[in-house]
Each structure stands twice: as structure tokens, then as C-alpha cells.
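Asker: Sequence:
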Amino acid sequence: LLRAEVAPTIVLVLAEDGRTHVPEEWKVRSDAAHLVYSTEGIDDPRWRPSLGNGYMGARFGSDWMSVAGVFNGVMERSHKARIPVPFNLAPRIRPSATALDLEKGIVEQV
Numbered sequence: 004l005l006r007a008e009v010a011p012t013i014v015l016v017l018a019e020d021g022r023t024h025v026p027e028e029w030k031v032r033s034d035a036a037h038l039v040y041s042t043e044g045i046d047d048p049r050w051r052p053s054l055g056n057g058y059m060g061a062r063f064g065s066d067w068m069s070v071a072g073v074f075n076g077v078m079e080r081s082h083k084a085r086i087p088v089p090f091n092l093a094p095r096i097r098p099s100a101t102a103l104d105l106e107k108g109i110v111e112q113v
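Start counting the sequence shown at 4; every next residue gets the next number (the working numbering).
Don't read these hints as lab results, they were simulated from the structure.
Any given hint might turn out to be false.
Stated by the list, open to error - Keeping only pairs whose Cα atoms sit at most 20 Å apart, straight-line, the calculated DMTMM-like set for lysine to aspartate or glutamate is:
1. 107 <-> 27
2. 107 <-> 34
3. 107 <-> 28
4. 30 <-> 106
5. 83 <-> 66
6. 30 <-> 43
7. 30 <-> 79
Claimed, not checked - Computed spacing ranges between beta-carbons, pair by pair:
8. 99 <-> 35: 31 to 39 Å
9. 46 <-> 106: 24 to 32 Å
10. 72 <-> 24: 41 to 49 Å
11. 30 <-> 96: 19 to 27 Å
Note that the structure is a prediction, hence the values are computed from the model and not measured.
Built from N, CA and C at the ideal position, the CB exists for glycine as well.
Whenever a hint applies, use it, and build me the whole structure from the sequences.
Answerer: Structural data, given as C-alpha cells:
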């Protein structure tokens with residue numbers, strides 16, 4: 004039995020004109036070195052946060068995950084097996100900014 008409990012925090016903030024914006028709280032927490040955020044390159048899958056517990060792990064919004072000790076291939080061509088993710092946590096709304104809260108250990112998107 005494999006049980007995973009994941010509680011991502013996704014925050015959506017819409018401005019009056021319908022566009023998203025960076026919350027003022029992010030700017031304050033960034034100045035205090037508790038949070039880092041970016042509005043550029045957030046669609047690049049390499050910058051998505053990883054979710055894992057030491058046994059299994061996946062990149063946020065990915066269709067694939069890795070499990071410890073599960074490999075595919077023969078001998079020197081062996082590599083980590085790509086296993087389909089049974090739960091996909093990709094937001095339906097395209098975010099305009101992403102923040103990593105270093106103090107709380109969460110990722111937020113607006």
C-alpha cells in the first residue's frame with residue numbers, strides 16, 4: 004500500500020483588470036529574506052518545485068514520478084524508471100508569478 008499526503012498551497016490573486024499581480028506580502032517577505040519570487044521563466048518545467056518524501060518524488064505538474072529502487076533498462080543502460088503519476092497537481096490557470104517561502108516551506112503561485 005502506497006500512501007502519499009501532499010498539501011500544496013496555491014494562491015490565486017486577480018487584479019481588477021483581470022491580470023494577476025505579485026502580492027504585496029511577497030515583496031515584504033522577500034525584503035526580510037523569508038521568500039524568493041519570480042515572474043520570469045515560470046512555465047519552464049525545470050523551475051517547478053519537486054514533491055517527495057524520500058521514497059517517491061515528482062516535479063509539480065509532471066506526468067511522471069520516480070520511486071526509490073525502481074529502475075528500467077539493462078546493465079549500464081539502466082536508469083530511474085518513469086512511473087505515471089496517479090495525481091497531477093498542475094493548476095488549471097496559467098500562473099504569472101511563483102514564490103518559494105523559505106520560512107514556511109511552501110510554494111505559492113499567482
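Asker: Indicate, hint by hint, whether the structure satisfies it.
Answerer: So, going through the hints one by one against the coordinates:
1. Distance hint between residue 107 and residue 27 is fulfilled; the C-alpha atoms sit about 17 Å from each other, no more than 20 Å.
2. As the CA atoms of residue 107 and residue 34 are separated by approximately 16 Å, the hinted pair is consistent with the 20 Å bound.
3. For a cut-off of 20 Å, the pair hint linking residue 107 to residue 28 stands: about 14 Å separates their Cα positions.
4. Among the hinted pairs, residue 30 with residue 106 is consistent with the structure: their alpha-carbon atoms are about 14 Å apart, no more than 20 Å.
5. Of the pairs offered as hints, the one joining residue 83 and residue 66 holds, with about 15 Å between alpha carbons and a cut-off of 20 Å not exceeded.
6. Between residue 30 and residue 43 the CA atoms are separated by roughly 16 Å; this keeps the pair inside 20 Å, and the hint holds.
7. Of the pairs offered as hints, the one joining residue 30 and residue 79 is violated, with about 48 Å between alpha carbons and a cut-off of 20 Å exceeded.
8. At roughly 23 Å, the beta carbons of residue 99 and residue 35 sit outside the given window of 31 to 39 Å.
9. Between residue 46 and residue 106 the beta carbon distance is about 26 Å. The supplied range of 24 to 32 Å therefore holds.
10. Look at residue 72 against residue 24: about 44 Å separates their beta carbons, and that is inside 41 to 49 Å.
11. The beta-carbon spacing between residue 30 and residue 96, approximately 22 Å, falls within the hinted interval of 19 to 27 Å.
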